[in-house]
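All chains, please: the whole structure from these sequences, using the hints.
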Amino acid sequence: MSDCYTFQRTIQKRGSLSGPGIHTGEFCRVTFSPLSSGEGLQFFRDGRRVSLTPSADSKHCTSLGQNGTEIKTVEHCLAALGGLGIDNLKVEVEGPEFPALDGSAIGFVECLKGLGFKDFSSRKEACRIEEPLFCHEPGRAIVIYPSEHFRISYILDYEHPLLRGQKVDFTLTPEVFEKEIAPSRTFCTQAESQSLRQNGLGIGATHENTLVISKNGPVGNHFRFTDECARHKVLDILGDLSLLGFSVIGHVVGIRSGHSLNRKLGEAIQKVKDSHGKS
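FYI, the numbering used here numbers position 277 of the sequence shown as 762, with every residue one higher than the one before it.
Please note that the accuracy of each hint is not assured.
To be verified - Pair by pair, the computed Cβ-Cβ distance ranges are:
| no. | residue 1 | residue 2 | range |
| --- | --- | --- | --- |
| 1 | Pro617 | Gly705 | 39 to 47 Å |
| 2 | Arg625 | Gly553 | 25 to 33 Å |
| 3 | Lys498 | Gln675 | 38 to 46 Å |
To be verified - In silico EDC-like links for lysine to aspartate or glutamate, alpha-carbon gap of 20 Å or less:
| no. | residue 1 | residue 2 |
| --- | --- | --- |
| 4 | Lys575 | Asp531 |
| 5 | Lys756 | Glu615 |
| 6 | Lys575 | Glu595 |
| 7 | Lys652 | Glu663 |
| 8 | Lys749 | Glu616 |
| 9 | Lys664 | Asp712 |
| 10 | Lys758 | Asp531 |
| 11 | Lys609 | Glu524 |
| 12 | Lys609 | Glu633 |
| 13 | Lys603 | Glu663 |
The set of hints was computed from the structure by calculation and includes no laboratory data. The beta-carbon is built from N, C-alpha and C at its ideal position, and this holds for glycine as well.
See below:
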């Protein structure tokens, strides 16, 4: 396992990114600031601290917060933090959601790398999976098995000629994340795009930050990988599990799963971690 997945890490200096949000279309800015060892991830919106509890009713993205103070579309940034091993960071958001950037996590990766890393001698908390944990919904499932490393596999199989039978498997390291996972972009079919707009979502989506997939391929764009959509599902899993605040040692397998199942798996892993602490 990479040292930054074993020992705590922050950044060396403050920095920010900005741009329109994918769902609201509103201008958003995110500012990253270093924190000391043991301070964890701290999110703020417009100066108010935001709970790291994900909203249960967020279907098309991951949202944080309760009682009116909420930040939407946090998963790509969280994936960058998890992939780079950053677990102590102040994240201040101006606006209702994170900037969409190009629809992937690579912009967050490049920003954070540019701010430099500071590694601590303190170990991260970790949860080693010793028995399989299984979560499912009709037609989809996610499971985590014991493993010596943090590994994520995904099977994507949609009712679409270009989204059938995609299978990916990655053992996570910062290098693998940056090269193979972070550049993968959010996607939807043309039918889903129309439905999202009708429901007031995807207002800031463009062909530059979202792969809108027709029967012939992405509209006005092209795939970065032949299995880019399955890779993006791995990115989402990593981002959602990064909210746990500790390293996970196990093999996650997603089968047509999405954010709601990712959250359920995170809750199951948290229960295992809590039970280990009581034993």
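Quick rundown of the hints versus the structure:
| no. | hint | verdict |
| --- | --- | --- |
| 1 | Pro617 - Gly705: 39 to 47 Å | 42 Å, holds |
| 2 | Arg625 - Gly553: 25 to 33 Å | 31 Å, holds |
| 3 | Lys498 - Gln675: 38 to 46 Å | 43 Å, holds |
| 4 | Lys575 - Asp531 | 13 Å, holds |
| 5 | Lys756 - Glu615 | 13 Å, holds |
| 6 | Lys575 - Glu595 | 17 Å, holds |
| 7 | Lys652 - Glu663 | 19 Å, holds |
| 8 | Lys749 - Glu616 | 16 Å, holds |
| 9 | Lys664 - Asp712 | 14 Å, holds |
| 10 | Lys758 - Asp531 | 32 Å, violated |
| 11 | Lys609 - Glu524 | 11 Å, holds |
| 12 | Lys609 - Glu633 | 16 Å, holds |
| 13 | Lys603 - Glu663 | 18 Å, holds |
Violated hint for the displayed structure: number 10, the only one.
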